[in-house]
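Engineer: Residue numbers (my numbering), protein chains in the order written: chain X, 1 to 182; chain A, 183 to 364; chain F, 365 to 546; chain B, 547 to 728; chain G, 729 to 910; chain R, 911 to 1092.
Incorrect hints may appear among the rest.
[To be verified] No farther apart than 27 Å at their CA atoms in a straight line, the calculated lysine-lysine pairs in the DSS-like style are these:
#1 K361/A <-> K321/A
#2 K605/B <-> K423/F
#3 K309/A <-> K76/X
#4 K622/B <-> K491/F
#5 K377/F <-> K620/B
#6 K423/F <-> K59/X
#7 K559/B <-> K543/F
#8 K559/B <-> K377/F
#9 K543/F <-> K620/B
#10 K139/X <-> K127/X
#11 K195/A <-> K91/X
#12 K855/G <-> K839/G
#13 K819/G <-> K986/R
#14 K258/A <-> K111/X
#15 K1037/R <-> K741/G
#16 K969/R <-> K241/A
#17 K984/R <-> K802/G
#18 K31/X <-> K59/X
#19 K59/X <-> K13/X
#20 K986/R <-> K907/G
#21 K256/A <-> K115/X
#22 K13/X <-> K361/A
#23 K923/R <-> K907/G
#24 K293/A <-> K74/X
#25 K455/F <-> K213/A
#26 K759/G <-> K637/B
#27 K787/G <-> K969/R
#28 K139/X <-> K115/X
[What the hints assert, rightly or not] Okay, the calculated beta carbon distance ranges per label pair:
#29 D65/X <-> I544/F: 51 to 59 Å
#30 A245/A <-> F40/X: 17 to 25 Å
#31 Q551/B <-> K361/A: 55 to 63 Å
#32 F768/G <-> D1077/R: 48 to 56 Å
#33 A245/A <-> E958/R: 30 to 38 Å
Because the hints were derived from the structure by calculation, they are not lab data.
No experiment lies behind these values; they were computed from the predicted model shown.
Yeah, the Cβ is synthetic: ideal placement off N, Cα and C, and Gly gets one too.
Number of protein chains: 6
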Amino acid sequence: MFSIQIDEQLQLKLLQEYDAEELFTVMKGSKESLREWLPFIDSNESAEDTLQFIRSSLKQFSANDGFQTAIVYKGKIVGVIGFHHINWQNKSTSLGYWLSKDYEGLGFMTKSVRKLLDHAFHNLKLKRVEIRAAIANNKSRAIPERLGMTLEGVSRQSEWLYDHFVDHAVYSILVEEWKIRS
Amino acid sequence: MFSIQIDEQLQLKLLQEYDAEELFTVMKGSKESLREWLPFIDSNESAEDTLQFIRSSLKQFSANDGFQTAIVYKGKIVGVIGFHHINWQNKSTSLGYWLSKDYEGLGFMTKSVRKLLDHAFHNLKLKRVEIRAAIANNKSRAIPERLGMTLEGVSRQSEWLYDHFVDHAVYSILVEEWKIRS
Amino acid sequence: MFSIQIDEQLQLKLLQEYDAEELFTVMKGSKESLREWLPFIDSNESAEDTLQFIRSSLKQFSANDGFQTAIVYKGKIVGVIGFHHINWQNKSTSLGYWLSKDYEGLGFMTKSVRKLLDHAFHNLKLKRVEIRAAIANNKSRAIPERLGMTLEGVSRQSEWLYDHFVDHAVYSILVEEWKIRS
Amino acid sequence: MFSIQIDEQLQLKLLQEYDAEELFTVMKGSKESLREWLPFIDSNESAEDTLQFIRSSLKQFSANDGFQTAIVYKGKIVGVIGFHHINWQNKSTSLGYWLSKDYEGLGFMTKSVRKLLDHAFHNLKLKRVEIRAAIANNKSRAIPERLGMTLEGVSRQSEWLYDHFVDHAVYSILVEEWKIRS
Amino acid sequence: MFSIQIDEQLQLKLLQEYDAEELFTVMKGSKESLREWLPFIDSNESAEDTLQFIRSSLKQFSANDGFQTAIVYKGKIVGVIGFHHINWQNKSTSLGYWLSKDYEGLGFMTKSVRKLLDHAFHNLKLKRVEIRAAIANNKSRAIPERLGMTLEGVSRQSEWLYDHFVDHAVYSILVEEWKIRS
Amino acid sequence: MFSIQIDEQLQLKLLQEYDAEELFTVMKGSKESLREWLPFIDSNESAEDTLQFIRSSLKQFSANDGFQTAIVYKGKIVGVIGFHHINWQNKSTSLGYWLSKDYEGLGFMTKSVRKLLDHAFHNLKLKRVEIRAAIANNKSRAIPERLGMTLEGVSRQSEWLYDHFVDHAVYSILVEEWKIRS
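All chains should be built: construct the whole structure from the sequences, respecting the hints.
Structural biologist: Here is the structure:
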């Protein structure tokens, strides 16, 4: 209901409790593809689990520590994007996202990331936004690269995915760079 | 930033911490007229006080217990509207609102209330919404009357306003009534 | 143990943990008649549930936010009466009560309500006390009417009772009215 | 208001917030004599401090961990008595008390202690109650001795009183002993 | 890992979460002998229970309210010793301990108690340390007696052990006494 | 008091409340040199501030989320080292440290880091430890380089230091690498 409008068909809707059922269904529909790169798929077994996730992200929002939004296309949830945490002392945050496999390749994520970068630098007055993606996750890495973010390095064995560690490519963009680009 | 769009120029924006300065300024500008019917004006002496109000309303939101939004006209805050509390057991809530004196008479509040009634009955699946206004507060009472809400009675000496009690006219609308009207 | 004495045989005893067993038994004995107007009967399935209720009412008491007492006749619990919540800003509260079916018609409730009104206006310095009862609950409505409280209106579909909503008759009494009557 | 009746003129009233002013005044009136044996007199400088004490004792009560009552004689507070803490695992507690200097020698404290011992053993089903008093505090020690409690030993340098330590005489009574005596 | 060194082979190691498995195994191995005097053996049925104990003792440590350490001999846990609670107002604490039956009679406990007394008086600046042991628990009572602590009295029916109460011998040592002895 | 022994003269002592005074004095003595790279120097104005830091690090320790230790040389505090946070899901942590200017160049920090790496991989079973240092902070960067840690990249404008941002060199070491080296 509470949304950031991106264009006529696309919006970022703050996740609320009554979204749990729909969000769970979307995640279940893309379970195979999501599980390849997201660590929390196996523990999200019911709408009740998804509700717990939404509740904890609402607490995060009310603590001014980031938020999670649904990417909504023509009224339907097609993915999730949000800030994991906001470091107010150093004025930085990091972005995470996933998209239903049925809506890949349509530019939704690039638009969504661009909108949240704008929010981070313009409304929240942050100075740095980071995006991390597994080295081999080409679809995810394509986003920061398309947006001209800087690859700062590789964080080795950075995340545990069910039965193995993956290395993370670390990208960042600073407020000055964003201003030039906008 | 996170908003419910009403029409091209009007939206209900979930209050966030970075709105404190602007909201305080608006309240200060209408201090005289707001103080006539709102009990919290005298204790709202700085943007820091307004920030505390916003923080407590964000906690309310994250607890799924209602929320407070800024009424935004052409990008500027002109008032506040929200649900005070949600009684999930009995599926009811109550609405409160105020408008800057400079934007009265333009139909903003009627549109805003209508939008939130829609949200209450459609998204939140509530069954009853209440509006209370002081007996002599004609501008405020005009809203539920214009929307065809039912006057249920008068709650005597219901609210303390600085140095005297006021009686409240109690209006309600039920989901069935809303459906017929929409 | 901690009691307000009403007369030689009747007292209002602050509910404590060791009352759970007796209170549960009384509620079970009147289950049929209580269930007609009270929403919490079906979820009170054991003395453990009653203990939870007592614990939460003790928290309410220690937060200066009202309390729940057992109506005790000749040493036996025969009902419950208490203040649901105290609104200190507006100096008001509301009263709720129920009586075991075996002790109806003896004037216990009228005496108990009168005693708590006295406590509200005299000790707590409140200005307004409200009583709500379902429209068709004649026994409950008889109390505020007998005490000369004012019927302020009808709150429609105000409470969910297992499978249907009921409308509430809303009564109130103000401190000035109480002083005249006492 | 919520009281345990001892006799026609004496009662133990659960301390509530609205007692703060009266209790503070009583303590101030006996400041000299109370300060000799009580450690908290110097930090009780206003009715606000007394209110904090009452609030913490209400939390103790609601946690089923003991309570503090005012000793009330002919409607006036003349002292305080209560259980410091209840050890439910070992079914024991300890009693503390003080009396305004103007009401000493009238047997109030002996009656009050006797009543609370009855409460501890009968209602709370405890097995052991302890009373500690400074070795040289003859008035306080007279109570457990009059009640036939057993002197178990001396706890050396047990309590800090502003500028020196005092040794405590430790008395106890067990449920079997109480039953014989009652 | 974080330890107080007693001698080349003996140390007191602050209990941490990763000690749960080893500590549980040691307790299980001495279950028969420990159960005679310790009340918590029957409820310690798995390493998970031991982990809960460790977590609560870490909270105690972080609140500056005492701590629990493993007695470690040649790298192996052979017992536990710690301060139950610190009374900062009166500058006192009490010591509790147990030893695996396989390591009795080697002087470990006397050395451990001596070390913690030193810590209490020297680092924590306390004035009094108490040790309580069941009257008939000769092994436990031998420690304070060997260290010249004073027997202050007998606390009757002081502790519930599964199916009976035991009386406690109460020993103490004051800082002046400790200084003379060291 | 609770320490990890490094060698005869050097140990890592878990910070406790009674260390506040000494630690504050050490920080004040090196204020000029510490302020160049540490963000919290200006807000550490008294032993009371240092006590708050110690308390929060004890909470961190009791939550199994890392800890802070004093580097102690011949019984005197000469610096601080600790884990900022432990990510148990991904089995990683990061190390931070500082040394009094009077004790630089003696190899204390290299020994301390080596000891904590051992603790992280051996006791805590972690898989990855990270060290971050400002690009121009040569003394700090020398430690991970001396230990053969891998420079993974540069985190741009990563930390706010009073009036400017600094870039961080990010180093890591994995458990396999540590095993080879040990």
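Engineer: Compare the structure with each hint and give your call.
Structural biologist: So, going through the hints one by one against the coordinates:
Under the criterion of a C-alpha separation no larger than 27 Å, the hint pairing K361/A with K321/A is consistent with the structure, at around 25 Å. Between the alpha carbons of K605/B and K423/F the distance comes to roughly 7 Å, so the proposed pair stays at or under 27 Å and holds. Taken as a hint, the K309/A and K76/X pair is honoured in the structure, with Cα atoms around 25 Å apart against an allowance of 27 Å. This hinted pair checks out: K622/B and K491/F have alpha carbons roughly 25 Å apart, not beyond 27 Å.
For the hint linking K377/F to K620/B, the alpha-carbon distance of about 21 Å falls within 27 Å, and the restraint holds. At roughly 25 Å between alpha-carbon atoms, K423/F and K59/X fall within 27 Å of each other, so this suggested pair holds. A hinted pair counts as satisfied when its Cα atoms are at most 27 Å apart, and K559/B with K543/F qualifies at roughly 25 Å. Between K559/B and K377/F the CA atoms are separated by roughly 12 Å; this keeps the pair inside 27 Å, and the hint holds.
Annotation: proposed proximity of K543/F to K620/B holds, straight-line Cα distance about 24 Å (limit 27 Å). A threshold of 27 Å between alpha carbons decides the hint, and for K139/X with K127/X the separation of about 26 Å falls inside it, so the pair holds. Simply put, K195/A and K91/X have alpha-carbon atoms about 24 Å apart, close enough for the 27 Å limit, and the pair holds. A hinted pair counts as satisfied when its Cα atoms are at most 27 Å apart, and K855/G with K839/G qualifies at roughly 20 Å.
A distance of roughly 26 Å separates the Cα atoms of K819/G and K986/R; the hinted pair therefore holds under the 27 Å criterion. For the suggested pair K258/A and K111/X, the alpha carbons sit about 25 Å apart, so the restraint of at most 27 Å is met. Distance restraint check for K1037/R and K741/G: the Cα-Cα separation of roughly 24 Å lies within the 27 Å cut-off, and the hinted pair is therefore satisfied. With a C-alpha separation of about 25 Å, the suggested pairing of K969/R with K241/A holds against the 27 Å cut-off.
Our distance criterion of 27 Å between C-alpha atoms is met by K984/R and K802/G, whose separation comes to about 25 Å. Of the pairs offered as hints, the one joining K31/X and K59/X holds, with about 26 Å between alpha carbons and a cut-off of 27 Å not exceeded. Distance restraint check for K59/X and K13/X: the Cα-Cα separation of roughly 16 Å lies within the 27 Å cut-off, and the hinted pair is therefore satisfied. Proposed proximity of K986/R and K907/G is supported: the alpha carbons are some 24 Å apart, at most 27 Å.
For the hint linking K256/A to K115/X, the alpha-carbon distance of about 20 Å falls within 27 Å, and the restraint holds. Taken as a hint, the K13/X and K361/A pair is honoured in the structure, with Cα atoms around 25 Å apart against an allowance of 27 Å. For the given pair, K923/R sits about 25 Å from K907/G by alpha-carbon distance, which is consistent with the 27 Å threshold. A hinted pair counts as satisfied when its Cα atoms are at most 27 Å apart, and K293/A with K74/X qualifies at roughly 24 Å.
At most 27 Å may separate the alpha-carbon atoms for a hinted pair to count; K455/F and K213/A meet this at roughly 25 Å. Proximity of K759/G to K637/B is assessed by CA-CA distance (about 25 Å); at most 27 Å being required, the pair is judged to hold. Of the pairs offered as hints, the one joining K787/G and K969/R holds, with about 7 Å between alpha carbons and a cut-off of 27 Å not exceeded. Between K139/X and K115/X the alpha-carbon distance is near 19 Å, which keeps this suggested pair within the 27 Å criterion.
Between D65/X and I544/F, the C-beta spacing of about 56 Å keeps the proposed range 51 to 59 Å intact. A beta carbon spacing of about 23 Å between A245/A and F40/X agrees with the range 17 to 25 Å that was offered as a hint. Taking the beta carbon of each, Q551/B and K361/A are about 59 Å apart, inside 55 to 63 Å as hinted. At roughly 53 Å, the beta carbons of F768/G and D1077/R sit within the given window of 48 to 56 Å.
As the Cβ distance of A245/A to E958/R is approximately 35 Å, the hint placing it in 30 to 38 Å holds.
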